[in-house]
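Number of protein chains: 2
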Amino acid sequence: MSSSAVAFARQNHSRFLDELKALLRIPSVSTDPAHKDDCRKAAEALLAELKRIGLENGRLIEGEGHPLVYADWLHAAGKPTVLIYGHYDVQPPDPLDEWLSPPFEPTERNGNLYARGSADDKGQIWAQVKALESLLAANGSLPLNVRVLFEGDEEVGGEVIAQYVASKPADLKADFALVSDTELFAPGLPTLCVGLRGMIYTELEVRGAKTDLHSGMYGGAAPNPFVSIAHIIAKLKDEKGHILIPGFYDGIIPPSPEELAAWKSLPFDEEEYRKTEVGSKQLVGEAGYSVLERTWARPTVEVHGIPGGFIGAGAKTVIPAKATAKISMRLVPGMTPAKAFELYKSYVEKIAPIGVDVEVRLIHSGDPCLIPVNNRYIQAATRALHEVWGKDTVFIRSGGSIPIVGDFDHHLGLPSVMMGFSLPDDSIHAPNEKFNLKNFELGIVSLIRFLEEVGS
Amino acid sequence: MSSSAVAFARQNHSRFLDELKALLRIPSVSTDPAHKDDCRKAAEALLAELKRIGLENGRLIEGEGHPLVYADWLHAAGKPTVLIYGHYDVQPPDPLDEWLSPPFEPTERNGNLYARGSADDKGQIWAQVKALESLLAANGSLPLNVRVLFEGDEEVGGEVIAQYVASKPADLKADFALVSDTELFAPGLPTLCVGLRGMIYTELEVRGAKTDLHSGMYGGAAPNPFVSIAHIIAKLKDEKGHILIPGFYDGIIPPSPEELAAWKSLPFDEEEYRKTEVGSKQLVGEAGYSVLERTWARPTVEVHGIPGGFIGAGAKTVIPAKATAKISMRLVPGMTPAKAFELYKSYVEKIAPIGVDVEVRLIHSGDPCLIPVNNRYIQAATRALHEVWGKDTVFIRSGGSIPIVGDFDHHLGLPSVMMGFSLPDDSIHAPNEKFNLKNFELGIVSLIRFLEEVGS
Chain A
261 MSSSAVAFAR QNHSRFLDEL KALLRIPSVS TDPAHKDDCR KAAEALLAEL KRIGLENGRL
321 IEGEGHPLVY ADWLHAAGKP TVLIYGHYDV QPPDPLDEWL SPPFEPTERN GNLYARGSAD
381 DKGQIWAQVK ALESLLAANG SLPLNVRVLF EGDEEVGGEV IAQYVASKPA DLKADFALVS
441 DTELFAPGLP TLCVGLRGMI YTELEVRGAK TDLHSGMYGG AAPNPFVSIA HIIAKLKDEK
501 GHILIPGFYD GIIPPSPEEL AAWKSLPFDE EEYRKTEVGS KQLVGEAGYS VLERTWARPT
561 VEVHGIPGGF IGAGAKTVIP AKATAKISMR LVPGMTPAKA FELYKSYVEK IAPIGVDVEV
621 RLIHSGDPCL IPVNNRYIQA ATRALHEVWG KDTVFIRSGG SIPIVGDFDH HLGLPSVMMG
681 FSLPDDSIHA PNEKFNLKNF ELGIVSLIRF LEEVGS
Chain B
261 MSSSAVAFAR QNHSRFLDEL KALLRIPSVS TDPAHKDDCR KAAEALLAEL KRIGLENGRL
321 IEGEGHPLVY ADWLHAAGKP TVLIYGHYDV QPPDPLDEWL SPPFEPTERN GNLYARGSAD
381 DKGQIWAQVK ALESLLAANG SLPLNVRVLF EGDEEVGGEV IAQYVASKPA DLKADFALVS
441 DTELFAPGLP TLCVGLRGMI YTELEVRGAK TDLHSGMYGG AAPNPFVSIA HIIAKLKDEK
501 GHILIPGFYD GIIPPSPEEL AAWKSLPFDE EEYRKTEVGS KQLVGEAGYS VLERTWARPT
561 VEVHGIPGGF IGAGAKTVIP AKATAKISMR LVPGMTPAKA FELYKSYVEK IAPIGVDVEV
621 RLIHSGDPCL IPVNNRYIQA ATRALHEVWG KDTVFIRSGG SIPIVGDFDH HLGLPSVMMG
681 FSLPDDSIHA PNEKFNLKNF ELGIVSLIRF LEEVGS
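So the protein lines, in turn, are chains A and B. Read left to right, the first sequence gives residues 261 to 716 (the numbering used here). Read left to right, the second sequence gives residues 261 to 716 (the numbering used here).
Mixed in with the good hints, there may be bad ones.
For chains that are exact copies, the list does not tell them apart, and a pair is met inside one copy or across any two.
[Said to hold, decoys possible] Straight-line distance between alpha carbons at most 20 Å, and here's what the computed EDC-like set of lysine to aspartate or glutamate pairs gives: (1) K470 - E553; (2) K311 - E324; (3) K610 - D498; (4) K470 - D354; (5) K428 - E518.
Treat the hints as calculated values from the structure; they're not laboratory data. On a predicted model such as this, the values are computed, not experimentally measured, just so you know.
Extracted from the complex, chain A is given alone in its bound form:
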């Protein structure tokens, strides 16, 4: 940790933090068309900063969504090339009334920085950028070749970057990818994520009458799409969490006995997790599987909301003409989005209640993935992390999905190092998202030392 780049990062930390706050003030909500300009503004801010710190060939890459940000520095002859990935788009901030401070006005409280996107993922990409700045400022050069590629559609499926990666551009030639969009398993515990669930995000639309009807006049004879959608959802997953779609579990590759044993030794207490992270009176899930297995290595079906109908205050006696459920499924190794969607779709069409029409739409999808832990980049990462955090790295999976990791593998042959610094209680995708200030600081140092280690 005696590198001059680390010293530079420490001397400039206060400025780094102020800059991150400025980035967090841009409400780059990718799913909301009203924030299209804000997404571009965030992309332009990142591009300007990459150029300012000394990266070259900086440009925005346009697709059918928000722009990709690209820049590189390729003067480390004979050294490996890293493709650095992160995303500048954020989840919608709603429900707004549950935020203790405004989502787009970054606020420090109790050693954390609260803002939408602070942990997912602007705080983490800013750590990447500031690691590069520190290395360049301290040494006038980087210890390896670097390509940076940030996207602005991660929260809406990442189609733009997926298509760009699938086109295998020469710009993305590299030896490995560095992805900072994951978390530490516990505070102070260096962590590398080596497995991700895949997903399909869908809309299930159920249509009954041609128009909304008075529920007194027609109740008992007209189909009620909300009742029908409830019947369908109840048949997707039972109350205990077992998925009822025929064939859904076929072909799943379970974790190895060694991996399961390693998970058992992680500092994880299901009751503590229930109380502090989830806060429900009981956990749910498939019998016979631990919580880590359920969230890392088992598929699931979740309902995110059911738009349509009357959702205002008070009472309205209407039988809505349609109901639309937003339903996603997480997939694990051995499953593919295409097969999962087909099984789901044909099952829903088969169980559709009488009187209603059903339509199932795929919004976006991503493959599950597993990274072998014995590659040299993962090994270099564990050495750097040990130096910074003073502990052995734990290898975990994530229940979330980072589809680009699968794309880097399939299309570019790049193994990914998923080194991220958020915490399990950072409330990403929820009100009061935060990023731990110490993790921001040590994250920058870890990234500096990792890149130095790979280049040494």
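Dock chain B against chain A, hints included.
Relative to the frame of chain A, chain B by itself:
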């Protein structure tokens, strides 16, 4: 039909229609606090008009909601007294994008007047007011004693008027009530409604985690309130329409064989109804009951919407902390709101899936009611209707609820004459609500002749 009041109504019809349009432009949506002032404005407009046409003792009666409008004319010594009832509040206009013309800009198309509240119930109360004006203008007096009582909370449960009626004020002393908030069974067919379903309107809240969670990170272990609420709803009513709440059907008084026989002779074709009114590919409902039985004489459970969760455009991968279903139940003779709610509440608490807390709230309720058809006011109504429409009156029930009719009976001992002039396809509570212009005209004449008939 040769009465001078009828002649006055015909001569002034165009003005009557313009006045109705002015009333319809006031967006008196009672359930929406933003329209509180509009509700008062509608009440004040009605009060001013009642005074202008010659009614006395006009005033607003304040309660915990929107004001009641009262006025009377009590100079027909020895004649019966009618309590004329209607409501000036309207349903919310959403979904707004389905209206062909703005809901609060009354628009004539194809012989109809399109506007929120045109049929339910402003067009009908305006017919009542214009019948009174015609009688007073033509004769200088009314053929019977009249009390008028309009409310502004009908669409939100009618608590204000219920409490006022329960207090049995001397102001409401009368012999019968005239309620114009119902429909003709078919165009041109004079109709009196003699039965109403009761209802309970509830909110079912299901809470899981303490905050919204990332569905990737937590999916499979954290309870999903939307999945749980689907399981609960699926257990309230099966896919065929049979209610599954234990004891719910106990004590129901079925229609008499004579009433069932009369319903069978009504001009009603289930397939036509399916195609033109409902527009679903199939009707639903309890096996062994006709559509009229299902909607008039059987209870039902309907879901109106499920607020909470992510309902925006695009994708958000969240496990919402809670889901709230707006659920109402229609009740039939032999059932009471209190018992139905208790059965429902204890059942839901019993079937609540693991991991979630459930709470059931009663928003409002109303008793079912049945009117004996052999009273002198119903008989006078049939004579007047025959004269105006040239046909025998049909006696029907309504699947909807007008709780005040039960209150008039219980607290004041008044039988109600439910004489209304909307049509089954008027889309009340839905986009593009309309009122037939011919029915508005003949409705005024029918009301004039009915009041003359009772007073003769």
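Structure-based check of each hint:
1. Proximity of K470 and E553 under a CA criterion of 20 Å is satisfied in neither setting, with 45 Å inside one chain copy and 22 Å between copies.
2. Neither within a single protomer nor between protomers do K311 and E324 lie at most 20 Å apart by alpha-carbon distance, with minima of 24 Å and 64 Å respectively.
3. Taking the shortest alpha-carbon separations for K610 and D498, both the intra-copy value of 17 Å and the inter-copy value of 17 Å come in at or below 20 Å.
4. In this assembly of identical chains, K470 and D354 lie within 20 Å of each other by CA distance solely across copies; the values are 15 Å between and 31 Å within a copy.
5. Proximity of K428 and E518 under a CA criterion of 20 Å is satisfied in neither setting, with 35 Å inside one chain copy and 79 Å between copies.
Hints 1, 2, 5 from the earlier list are contradicted by this structure; the remaining hints agree with it.
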